[in-house]
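Chemist: Below are the chains, spelled out letter by letter.
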Amino acid sequence: MVINKRIFVIAGLITILLFISIYSLNFYMNTQREEVVVDRMEQILDEYQEIQALSLMSNAFGKEMTCLSLESTLSHLDKTLWDTGLKIDQYREVTEQFISDPFYLNQKKKFNRNEVIYLSMLENMKEACNINQSVLLYFYKKKEECPDCDAQAFVLTDLNKEIDDEIAIFSFDSNLELPSIDALAVFYNISSFPCTVVEEHTYCGLHNKNEIENILCKYRDHSIC
Amino acid sequence: MNIGYVVLVHVVWFLSTYFVIVFLLAIFSNKKILYESPKLKESNKLPKASIIVSAYNEEGTIANCIESLKKIDYPKELYEVIIINDGSKDKTANIVSKYQSKNIIFINNEKNNGKAACLNQGIGKAKGEYIACMDADSIIPKDILKKIVPYFEDNKIGSVTVSVEIMHANNFLQRIIRLEYLLGLSLFLKIFSLFNCIHVTPGPFSMYRKKLLDNIGYFDTNNITEDLEIAYRIHKSGYKIANCMTTSVKTITPNNFKGLYRQRRRWYSGALLTLWQHKDILMKNKVGLFGYFIPYNYMLIASGLGLFIFSIYLTMSNTFKILSYYALTNYNFFSNWTFNFDVLGISLFVFFGISGILGMVLLVTSGLNASRNSPKKKPVLYLGYFMLFLLYQAFWLTSFFIVLTKRKVRW
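Chains as they are written, first to last, in the numbering used here: chain A, 52 to 276; chain B, 745 to 1155.
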């Protein structure tokens, strides 16, 4: 045999080195992913503080002065929240192909809590500032318990892209067992998943885009109606 | 994510990456000796050689084959050609009979006995110390015997294989197969020979020590890949199989997918049956590294096939799922589509896949660099080779099915 047996050892070492490099790169990327999510969550918190300030100003200086800027802040926050929700889900999916990272679960809880806060603020300000946005709540569970939930999320994402300025969608993960989400589920009489609440009316089960559009148009005039 | 899939990805990645790196190291460290071949000692006289050709319905190719045999640069009295017509239904017998001479012997069988039986019949008649078996649809250069015979001066060498090239590359499929042969049936065989792990003595042209054939009992007539099966027995008998890259045999390859499928179905089914037939060598030191190389190779094939099936299943189920989602949005594919690439959204799977593809590209490029008469390195050729590799997974799948269901494979 002409081949030096050391080749097998060297090849083994190179293979292990490559494997470690790939995992290290993945580890680095995971750190970057977590930083992106944390940054976005901080951005959301900053925007909350801005909304809280505007809300207080509205009490002190009158609604006319603050409603205009509040509306644009809420609209921006709505987009940030939606994008952050999608980002967390995307990164969570990518990461959990190999490891179960508690980070994303914690961030998802934080995110859902923030959504409840935002929803409450929006409900408070809606009437005072005459905000013409439809509010849509979407309750879901993991796919093992709710096979249609991913499909419903797909429909809502598509709709949100089309009439982003006209609706505010809040998605609540009922698997997180947050008291605030559970309370909302009881309040809106969520009996099964997926379940969508449009303008205080509950629609459980999977609905396609046309059906959701018809429901939205029933309560408010939108560009799609 | 399915844990089975994750495990498969890791197993295939480890097995294939290690395999590729061993190969690359072997190519780099032996680049200078790949085209070296031993010279016959001047004191030694040339030995007698026999070349056996089995022909079945080869009226279109046999004349070229014999013409190439007639031109061999070797003393006429020291080589004989034995051509056996295996009950052909065409004009093969007529053509061969015209070439009969002192050293071109023609045996005409009325009945079709199969290639292995014909080769055995020829070996039985052969007077040579070394015996080459050749396909009737192949041609050889005149220097072939002078290049090969010196290898047998090493008493441990039982058989010598040569580079197998394709005669015509008229369409894209054949150009890819030419690349495949250039690597798989030339360079890789040479590398295998350095590890003493050659697993096949290719049918187009391989030479054997007569003493070895007498010892191991010629070709197995029940095996559909007799050139592969005999390689196992050569290893078992303690002999080595060498490879000579300085000479080659040119052969015909299928020019369409149907032909390619039939050829590979036979090769792969035969390979699996041979593996089962010689399972006693697996993980055994008695055949050296070969006893470990074979199970490694088939483990890689089986796990790669598992990954291939699993990936197809996942891709299809995801496609159906996404399409069912789009059905809910009236197939609104593009109206709201925005390109939003996020590098952080790339998963570990993709890195494994990219490193695998890069490894393959590196292996093909290094192989082409190390080989003479390499075609130009065109991206389309790489892509075609990669696609062919995927197609072979389907062929392997069919072959596994054939073997497991004990179906008969025809030539």
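Keep in mind that the hints were calculated from the coordinates and are not lab data.
Don't take each hint at face value.
Stated by the list, open to error - If you only want the chain A side, here are some residues facing chain B, beta carbon under 10 angstroms, derived:
no., residue
1, I54
2, I58
3, L76
4, L96
5, Q100
What the hints assert, rightly or not - Here are some chain B residues the structure puts well away from chain A; computed CB gaps all over 10 angstroms:
no., residue
6, L769
7, S845
8, N959
9, N1000
Unchecked claim - Pair by pair, the computed Cβ-Cβ distance ranges are:
no., chain 1, residue 1, chain 2, residue 2, range
10, B, T1149, A, C268, 56 to 64 angstroms
11, A, A179, B, N1084, 45 to 53 angstroms
12, A, N181, B, F1078, 31 to 39 angstroms
13, A, C255, B, V1094, 32 to 40 angstroms
14, A, N157, B, G928, 50 to 58 angstroms
15, A, I275, B, Q1007, 27 to 35 angstroms
16, A, I67, B, S981, 52 to 60 angstroms
17, A, G63, B, I1098, 51 to 59 angstroms
18, A, C268, B, F1064, 24 to 32 angstroms
19, A, P198, B, V1105, 39 to 47 angstroms
20, A, E86, B, V1124, 16 to 24 angstroms
21, B, N1062, A, N157, 22 to 30 angstroms
22, B, S1118, A, P198, 51 to 59 angstroms
23, A, Q100, B, K1122, 56 to 64 angstroms
The beta-carbon is built from N, C-alpha and C at its ideal position, and this holds for glycine as well.
Chemist: Look at each hint and say if it fits the structure.
Modeler: Here is how each hint holds up against the structure:
no.	hint	verdict
1	I54	holds (5 angstroms)
2	I58	holds (5 angstroms)
3	L76	holds (6 angstroms)
4	L96	violated (21 angstroms)
5	Q100	violated (27 angstroms)
6	L769	violated (5 angstroms)
7	S845	holds (41 angstroms)
8	N959	holds (22 angstroms)
9	N1000	holds (38 angstroms)
10	B:T1149 to A:C268: 56 to 64 angstroms	holds (59 angstroms)
11	A:A179 to B:N1084: 45 to 53 angstroms	violated (35 angstroms)
12	A:N181 to B:F1078: 31 to 39 angstroms	holds (35 angstroms)
13	A:C255 to B:V1094: 32 to 40 angstroms	holds (37 angstroms)
14	A:N157 to B:G928: 50 to 58 angstroms	holds (52 angstroms)
15	A:I275 to B:Q1007: 27 to 35 angstroms	violated (59 angstroms)
16	A:I67 to B:S981: 52 to 60 angstroms	violated (37 angstroms)
17	A:G63 to B:I1098: 51 to 59 angstroms	violated (21 angstroms)
18	A:C268 to B:F1064: 24 to 32 angstroms	holds (31 angstroms)
19	A:P198 to B:V1105: 39 to 47 angstroms	holds (41 angstroms)
20	A:E86 to B:V1124: 16 to 24 angstroms	violated (41 angstroms)
21	B:N1062 to A:N157: 22 to 30 angstroms	holds (28 angstroms)
22	B:S1118 to A:P198: 51 to 59 angstroms	holds (53 angstroms)
23	A:Q100 to B:K1122: 56 to 64 angstroms	holds (60 angstroms)
Of the numbered hints stated above, those contradicted by the structure are hints 4, 5, 6, 11, 15, 16, 17 and 20, listed in ascending order.
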